[in-house]
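S.K.: Residue numbers (my numbering), protein chains in the order written: chain A, 1 to 756; chain B, 1 to 451; chain C, 1 to 227.
Just so you know, these hints were derived from the structure itself, not from any lab. Yeah, the Cβ is synthetic: ideal placement off N, Cα and C, and Gly gets one too. Where hints are given, some of them may not hold.
Partial list, derived from the structure: chain C residues whose beta carbon lies under 10 Å from chain A [unchecked claim]: (1) LYS43; (2) GLY54; (3) PHE120.
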Amino acid sequence: MDRRSFIKLTAVTGTSAALASCGVPENQLIRFVPDEDIVPGVAVWKPGVCPLCAAGCGLTVRVMDADADVARNGQLGVVRIAAAKKLEGAPNHPVNRGGLCARGQAAIQVTYHPDRITQPLKRAGERGDGRYEAISWDDALADVVSRLDGLEEAGNQRALAFLSRGGASHRAVLIEQFLARFGAPPPAVYELFGDEVLRRANATSFGREQLPTIDLANAMFVLSFGADFLGTWNSPVAQAAAYGVMRQGRPGIRGGFVQVESRMSQTGASADEWVPARPGTEGVLALGLAHVIMAAALRPASAAGRAGALVDGWSDGLRSYTPEQVEKITGVAAARVVRLARQFAEMRPSVAVVAGPPLAHTNGLFTAVAVNALNALVGSIEQPGGVFFTPQVDLAAALKMSGRAAGAPAPPFRLQREGADDPHIGDAQVLLVDGANPVFTAPRVWGVDQALAKVPYIVSFGSFLDEMAVLADLILPDHSFLEAWREAVPESGATVAVASVAPPVMRPLYQTRSTPDVLLEVGRRLRRPLNLPWQTFDQMLAAAFAALPSASPDADAWTDAQAKGAWSGPVPPGLGRAASLPAPPAARPIAFEEPRFDGDAGQFPFHFLPYPSSAFLDGSLAHLPWLQEMPDPLTSAMWSSWVEINPAAAERLGIGQGDVLEIASAHGSIRAAAVLTPGIAPDMVAMPVGQGHRTFTRYASGRGANPVEALAPMTEPATGALAWAATRVRVSRVGPPDGRLVLFAGGMREHVEEHR
Amino acid sequence: MSHPTGVRINNDLLRPLLLTSWRFYLLVAFFGGFVVAGGIAWGSQIYYGFGIAGLKWPIYWAFYVTNFVFWIGISHAGTLISAILRLVNAGWRRPVTRCAEVITVFALMIGAMFPIIHLGRPWLAFWLFPYPSDRLIWPNFRSPLVWDFFAINTYLTGSILFLLLPMIPDFAVVRDKSTGLRRRIYRIVALGWRGTPKQWHRLESAMQIMAIAIIPVAVSVHTIVSFDFSMAPIPMWNTTIFGPYFVAGAIFSGIAGLLIAMAVLRKFLHLEDYLHPVHFENLGKLLLVMALLWGYFVFNERLVTYYGNGPAEMTVFWQTQRRSFAPLYWTMVFGNFVLPLVLMGIRRFRTITGCVIASLGVVVGMWLERFLIIVPSLGNKYLPYSFGSYSPQPAEIVVTVATFAAMALLYVLFAKFIPIISIWELKAGEHPSPVLIPPATEEHRLGELHL
Amino acid sequence: MPRWGMAADLDRCNGCGACVVACHAENNISTVGPEEAARGRAKHWLRVERYWEGDFPDVRVTFRPVLCQHCDNAPCEPVCPTYASHHTEEGLNAQVYNRCIGTRYCANACPYNARFFDFFNPSWDKPLHLQLNPDVSLRMVGVVEKCTFCVQRINGAQVQAKAEGRGVRDGEIQPACAQSCPSRALVFGDLDDPESQASRLSRSPRGSHLLEDTGSRPKVAYLARQA
Ligand SMILES: Nc1nc2c(c(=O)[nH]1)N[C@H]1C(S)=C(S)[C@@H](COP(=O)(O)OP(=O)(O)OC[C@H]3O[C@@H](n4cnc5c(=O)[nH]c(N)nc54)[C@H](O)[C@@H]3O)O[C@H]1N2
Ligand SMILES: Nc1nc2c(c(=O)[nH]1)N[C@H]1C(S)=C(S)[C@@H](COP(=O)(O)OP(=O)(O)OC[C@H]3O[C@@H](n4cnc5c(=O)[nH]c(N)nc54)[C@H](O)[C@@H]3O)O[C@H]1N2
Ligand code: SF4
Ligand code: SF4
Ligand code: SF4
Ligand code: SF4
Ligand code: SF4
Ligand SMILES: [Mo]
């Protein structure tokens, strides 16, 4: 007898005899109360494109009736609208195959965010104080047009700067065309966790300036150098899907996975073996493996081709990278180096991945090239279970646009002034900002806010009053991704070319306008119109997709792609984006250089690792309450900032869980609560980026701390990319736990306090 | 030691009813203030949401359920003791029984509030009631909470009867001594008592039956309360010892509560002539016995757990033994075991003061015992990821304090309107059935525990 | 009559948390905000438990998505005085919010701490409420809520299948968490159908059930991480 049938015994006592007479009684009783209040309504599913990262995952959006307070023709009222209800991964999308990451799930809160900017705003107070007044679209556009006309009249078109997040997309092509036709430099692109170093390395090694697509699904052994490929890097949903297959999707076969990194990432947590190497020496480990493989004659040096030839000493079998030498530099035991090398060479197909912190050092390019060479050595390039490069459609070619229409290509504006005549953002007369927030994500020492203060006129297309938008003189809020035509051209995640596209899913809630349409309209209204060949963004998309072959016999590519949410297939001849670098082999062979760190090791004993948070990436998603309340994968923290520190180091400094710490570099200091975790080297502290917004809606403003503020202006010299892992810091305890750290979990050790 | 005569008994015991001093109002205001504060706290909890209490995932029971078990435990003093003493005909019980039985009724009333106070939606508490509804919705008779509902109601009804029956002759006395409105009221509640032999005989038989019937009810009530815990597959809850352990603990705390109440009454109502040191000493001995019994149960429970060494149980075990709950745990052991053992075990300390101190220790200790049964298990249930800790919030603290104030208030009011010592039982000489009720004078000489 | 269950492959799960947010999105679970979260009132019908083993540098992490196990002998059911927590004929542990009076007894009795209490009236800052799923009832202050195995999706698929005059196909019903899971760690299905993917996975030699010794007979099978 079990607990549920115990009723039969109690029934005998008489009180419940009536109940017992009808079998399992609760089933009889429950009929009388509803177990679910099903409200009738018919759901429709529409395609969409996730806007939150460059992966470009496809969505299917559940749309149903709802009553909303909306503005129509300037009138507020309650209207029955077709409202998006739930985002799901589009099952047949070539990138995400039905899956969606946590961020993608939360994307719907962008549309329904209570602090969205609902109409054009004109600055009414001092810059940065957030006081704005409403302005009509007509007046707003006239304002922009007159500013641009002013530049044009003065022959100063090059003083128009555009700041965006980059990535290939039709929107980016439109922006480029707009700027080129106006005579302005191309857009300045800034992303804190950008992948310039890896793109450059891939261009150098393989002639592809592009992020790789890893065929995890067919791999037998995966060796990842710091790449958080299941969490935040590149195309995480595609990669996690393939990872699932790699582990358990092939009967009788299970791929192995080793992660090299000095702070355990969400991805590292799933590894069979976790190998902490000294920060900035990961490339040495890669070459150490290559040395062992060549020395044991498992593969010949020549197998690596050009990718190997780039590396200093390759043809001699990398004699200076003996396991012992590697142990000295990286801290990884020589025997382990040998074993990993054998595994990597013998468990075919094997693949090495590199991204994240190893490339965020001053020698990042070396590290990436070293890992590329290792991949090439074992024959993992463009082979099943190896590294692929997703074919890219040349969008400009598809649109029959020539390169730059006016004048010589000018170098884009930069956020950081390097040379005196460096085109610097602070020299712009008019700045248009789309999707970037360098005030939050660039190191304090770059002085982005001071530079912006000098720009006389800033226009933001933002939907939220973040640190960047609050400096704008005019805000022209974009539609949300569900209210406008959306598209993406994923750089990675599939082995065929992909272009995602989706029509608006619902009517706009507010007086917002699609930014591409705004640019087109401004282009038309200028004194000297730009003569872009499209009236609206969807016309442009239609033109681009018309150039593609249809994937279905019943419809043209454009119609078919709209219905499915994506076009995918082989790139037609003439439309492929050539490997953009003809890859001049590096002037001199690439060799290991000691990583340089800002801050003296005596005074600043800890490496400082800011890393993209699972929830907020670089902080651009901190305004979504679901993500704020989602427990962090490794710490279970919600709504907080924290500093990860090894328990041994913490003990030495008298630091306990939750204590408030001060992290000070030579360039700034921040405070956050300590989280003691064994998954980090004792000479390192790590902190997720994402919190610490001064202004970014009710959910993110004033919450936690921003580690980027303490970063040193270290860069990777070849690309100029910020070396965000190259800062050293001092750690001190400034107080006991004060409640700023919110954890969901009560305990997370395997044998918590059991026998203490 | 003077042995009061019938007239003095009447005068002494009716004095509080007939004369009202300013101190009465002060006490009522004082305790009433706390009760009102408790009401406000509970009201805010309903108004603002349960969240103003300190409960959290996964510790969903804490102060309120502790109070529930504690007060139901306290209730075991009165009726149970007085029933046993009545049955064994221990003469020394006579001045004690009524103040003990009153404790039962009030403690039950207070304790029974908590299942309602702790509900997320207290306005729906009546759904626990098996009332016929046209939707054929009945409570779930498998739920220990529903058993609680029946057990407590039965016990409460029985205890009220047990308290009321022997009051009838006293109501008649008040009726005869008073005038005006008071007389009219007491005439009603005296139910036409004339003191005829037939009435006396019926009263005696009724009391005898009630005394026999109430004992199993009392034992079952706290066994069933213990089922609230032991029926759930939770570490350190799911144990067979909980029934007797809870009953023993209940009687233990009940005696302590009774001792404190008696000492207070004796002092403030000047009943030195009725509540003699020997009463305290006898109850003190009982307290000693119960302390030993309690120690036995705790030792048994802990040893078996320790020896069994189940990982889930041991996590909770060490929480109480050594980790965050250890200070509370060892305070409990001191209050429930060390203190009563020393004070009640050594004859020299078995004074009224000694009894009161030991009893205060036991009351605190028993409250902690209930808390320590509930909270550490819920906070350390199986999966470490979901472990949690608890600290009470003002609402729970105020409500808890208010219940003690409510007990005091009810007692003050009761003593004001009803003779707190059974007049007729003391005046047993005037009683037609001396066999059943030996004269007071004789009983005082006995001065021994008749169990 | 189907018997719904789930298999969770811990070798696929990488702790990404997509399932956690998907469940919030599907089931109208309100966020409680930082202050309440700090007080232990966050509601995650599904949580991904992480456990650390070992010390630097030999550390290992285990992720385990924990949701209501829809126990066949659910400890949370007999203790409920109002039948708000009850067993359906299809083996679900169902929760009738409007019968729940908030004793929280069920939550205490659940060995998995899978039940969550609404300490305040759930609320949404407008217009976040526009996202609410009309298929899922909103809860009110003072009741206990928990994973329903997305019963609205089960019902919806059954109605659809019935309308089309067929049975429900294996894999047709996907709870929101399983639907979102990028690495396909969660597989839902009918355990009484020996051919369903969920029941085949549940019988895997890697499979076990969580806290089986409590006698709760959970219906979520966990497939252990290998190596
Ligand atoms: N989830 C959930 N389930 C429930 C309940 C609940 O509250 N929640 N409540 C339960 C209760 S109490 C009941 S009574 C049942 C009700 O369950 P149903 O009897 O299924 O009630 P309705 O949904 O109103 O569907 C009645 C159908 O009759 C059609 N209809 C309307 N007028 C006529 C007519 O003149 N002629 C004909 N031939 N058809 C007509 C309607 O279009 C509709 O399709 O549901 C039960 N099931
Ligand atoms: N707009 C609209 N109105 C309708 C209908 C409709 O389809 N649309 N359908 C009609 C029909 S067919 C019906 S049957 C009626 C149903 O109408 P009602 O009988 O009002 O049914 P419910 O709305 O389900 O409300 C049931 C109430 O019982 C409470 N309850 C739950 N458990 C218990 C318990 O254990 N004890 C007690 N005492 N109460 C409990 C719930 O909290 C709730 O307040 O509605 C009718 N009215
Ligand atoms: S990986 Fe990027 S595009 Fe894909 S669902 Fe997540 S946030 Fe959206
Ligand atoms: S997991 Fe908990 S809530 Fe779910 S059925 Fe089992 S006991 Fe009940
Ligand atoms: S909280 Fe609700 S569901 Fe749980 S036992 Fe109490 S009434 Fe039943
Ligand atoms: S089955 Fe549905 S309700 Fe349960 S955890 Fe998954 S999404 Fe949430
Ligand atoms: S979505 Fe899948 S992989 Fe991610 S945490 Fe949930 S079960 Fe694990
Ligand atoms: Mo009905």
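S.K.: Output the indices of the hints that this structure fails to meet, ascending.
M.R.: 3
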